[in-house]
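Taking the hints into account, I'd like the entire structure generated from these sequences.
Note that the sequence shown covers residues 115 to 398 in the working numbering.
No lab work stands behind these hints, which were simulated from the structure alone. Watch out, some of these pointers could steer you wrong.
List of simulated lysine to any residue pairs, SDA-like, C-alpha gap at most 20 Å [what the hints assert, rightly or not]:
(1) 223 <-> 169
(2) 150 <-> 235
(3) 150 <-> 160
(4) 223 <-> 168
(5) 223 <-> 185
(6) 347 <-> 357
(7) 223 <-> 211
(8) 125 <-> 261
(9) 223 <-> 264
(10) 347 <-> 223
(11) 150 <-> 382
(12) 125 <-> 382
(13) 347 <-> 374
(14) 150 <-> 337
(15) 347 <-> 307
(16) 125 <-> 153
Keep in mind the model is a prediction, meaning the values are calculated, not measured.
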Amino acid sequence: MTTVAILGTGKMGGAMARRLAGSGFDVTLWNRTPTKAEELHVGRVVGTPAEAARDADVVISSLTNDAAVRDVYLGENGVLRDGAGKLLIDTSTAGPHIAEELGREAEAKGARLLDAPVVGSVPAVENGRLLILAGGERADLEHARPVLEQLGEVVYVGERGNAQRLKLIANSMLGITSAAAAELLAAGTAIGLDREQVFSILVRFAPGLAVRERGFLHDQHTPTMFALRDLVKDLDLGLRAYGEGGVTTALTRQTRELFAAAMRESADLDLSAIARHEEGTPSD
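Here it is in structure tokens:
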């Protein structure tokens, strides 16, 4: 039986652990707060990333930011402390620089790393319908494919770092369309249109909005699929990447400022709370 280590059992990592355990994989879990891993009631929970990786055939990380990724892989009890021969898959959205850095460090330790951020939220994991953007060596991807395809569709994008770049493009688009929808929903309501009818028209142009109907129409922004704070983090990473390419992205920058303002009111709510911000509705 293939053993998969899951490092980081938050919303996405936890959902991956449950999905893989239910698909017949043996899972070993690590989380900075152990109780979050224990509450999943699957696999075995261990005390350090290095311990989780030790007997694993495949290591998958799902972490919050570049500092967490660096610590889990390169820290005192990190995966690469004894990572020779390991196949490592980082699904975090932490930016291209960390993916490239980790790739070099992994190779120096005799390990293999795939840069593999994902598009989708917990329901997509549960249904095996994630979009997994994979960068790295093709041979490593083929080795990882039986595990990754239990989670969703795999798209190969070339060298490490490219998957991060494409994920930042995707999240920039998510931010821009969500901000535009919030603005136009408020505008349509203000000029006397039926709110639900306005939203139905917006969804025709941006079908992805439909999963956030409760947020946009009924000011219900929990449970959180993608928190405001996390979108702002990703927009910041995107702006850095675009700037390094010499690209002017005024719309993305303006979108970042809108979400940052909304985040100051309610950082942990789903990004649909941008509609509350545009309406000027007081936060709870």
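Query - Earlier hints that do not hold, by number - result: When the structure is compared with the hints, numbers 9, 10, 15 turn out to be violated.
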